[in-house]
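*Asks:* Take the sequences, apply the hints, and build the full model.
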Amino acid sequence: MTIVTGKAEARRRLQSGRSGVLRKIWDHRADYAYVLPAIAVMLIVIAYPIYYTIELSFFKTPPGLQLRDKTFIGFDNYTAILTSEVFWKVTWNTLIWTLGSTLISFVLGFATALALHRAFIGRGVLRAILIIPWVISAVAASYIWKWIYHSDFGIIGAVLVGLGLADRPPNFIDSVSTVLPSLIVVNIWREFPFAMIMMMAGLQTVPEQLLRAAQVDGASAWQRFWHVTFPHLRNVSTVTILLLAVANFNSFIIPWIMTGGGPSNASHIWITHIYELAFGRQRWGVASAYSVLLFLILMTLGYFYVRALSGNERKEGSA
Amino acid sequence: MSTTAKTAPRGLSRRRMRVDGWRWAGRIFLVFMLLYTAVPMIWMLITSIKSGFAAMQFPPQWWPDEPTLASYEKLLDPQNSVGQDFLRFFWNSLFVSTVTTILSVIVAVPAAYAFSRFSFPGRNFLFFAVLLRNMFPAVIFLVPLFILMRLLGLMNTHGSLILTYLTFGLPLAIWLLKGFYDNIPVQLEQAARIDGATRFQAFILIVMPLSAPGIIATAIYSFIGAWNEYIYAYTFLTKNDQLTLPVGIQRFFSENTTDFPGLMAASLMMSVPVVVLFLVLQRYFVRALTEGAVKH
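Chains A and B, in that order, give the protein sequences.
Numbering follows the UniProt record's numbering, in which position 101 of the first sequence is assigned residue number 101; successive positions increment by one, without gaps.
Numbering follows the UniProt record's numbering, in which position 179 of the second sequence is assigned residue number 179; successive positions increment by one, without gaps.
Where hints are given, some of them may not hold.
Some chain A residues judged to face chain B by a derived CB distance under 10 Å, without partners named [to be verified]: (1) ALA33; (2) VAL41; (3) TYR48; (4) ALA128; (5) ILE144; (6) LYS146; (7) GLY164; (8) VAL186; (9) TYR275; (10) ARG281; (11) SER288.
Reference excerpt, derived from the structure (chain B facing chain A, CB under 10 Å, subset only) [unchecked claim]: (12) ALA25; (13) ALA70; (14) LEU103; (15) ILE106; (16) ARG117; (17) PHE118; (18) LEU163; (19) PHE168; (20) GLU229; (21) LEU245; (22) ALA266; (23) PHE278.
By construction, these hints were calculated from the structure, which means they are not laboratory data.
C-beta atoms are modelled at their ideal positions from N, C-alpha and C, and glycine is treated no differently.
*Replies:* This is the structure in structure tokens:
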């Protein structure tokens, strides 16, 4: 290797664009060793399944996963899905479920974080109790709430009857009109602590002096919140809402265990529906096509997610 | 804006009242949230110490007339079949979660360190690829993974679960740890290297001890994730003696549809390990979770 001065080296790099990239990769070859195990594991378990799902979505598949007998049918699975009535029903449910759970969890979590921001005796204990539902397994949570909603011996029904608000315990999860809101309540129970943790951390970054200055200038509590606190939390809020939205869009356990999608599809959301198509009715091709559609929707959400995250990084870089 | 001396005190007192109003609203709200959070958990506890007959009454017994630990005794007794099953599910969950946790840390630590410190080409792309994984639901991967596991001969083994949990836990584990490494000053490593340490030595001797809280947090996260996972366990395992707790409890319930005290006791015991783990180490955990999204 010839000895070159720093300037000459830089000029040489400028001149050769493409070999420069290769050279940089070569220069950093040892760095890749650190990432390799992670990438290798993920390639096997993620890249291959994605490819396989896309392939299967263009085939008519026999039940029982004898996949050698599959026949190519082009976009038929997709047209079958988009013209079916169940699809629109399930999509509507998913929309209500995702929006309802995400927004209410966020608002409740944010409000709790604000209420917990000022120090008081027992704050740590209260915070710990409020976080517990988030740690408990969704399966346990589903059974706890199934018992609470029980149409004969449920505690809510008993309280309502005891207060004279109902003649007999209502059927929360066996009735078409109440099942989805009832499940959303369970989901929020498990999820608002996450929003709370995120927003509590965010609140700590709001400069105290600014709030004090606003107070001196005569801003009311609401004005201080709206003009000082909230703008500071825009990034954290975006990330939190996106993470919640993705988690809710992808949730499965609560509807699956509590109702299995019933009664008459009233609580089926995309994921439970796909699961039933694949493993219940063994229609692998249709289920795969559903997955690909889901994948496209999530890619769109993912685009915003990455943009929100890289917005954070850029800010940090310039600070 | 200027206020005359006369109106200032009145304005102040009105403001103080307004502030008090907000504070009271906050307190009432917190009480409401506490009830929302705690009542279901307390009801689980109360139900679990009832007899099967006492649970099935209307109006319900708010506190059982004859509290009994029969459900717990039944579940923890290795002599009868219910206890045998439950203890085996518990052990399976413990085994799968522990192995997953150890492997996650081993794989995630170097990866997170590299993402934090090195600027190799493709770093950003890889990092976002890692994060994007977070977006995809388990169900998308379920059918092909089911086939993949059959191909690899891993159906009905704990290996299938460990491999899957490891992969799906990694993105967040790497993200959490990267937040910690970003906060450790590079100068510390540089000082060590000037003193003659290799990059690897600097990593092991300087960075690893400093990032211990991050590693603990990542480990808890992996453990809780694996302990609570349901879909893959439900799909990949069919043999009764292989099941993990979430699936095991579901199976138990589908066979004993009216044994709510037993179900509540089982749910409670399934929750205890993760809740205790979380409460003991929550400081690290909360910090790590927010480190990535909130920059100090």
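*Asks:* So which of those numbered hints doesn't the model satisfy?
*Replies:* 7, 10 and 13
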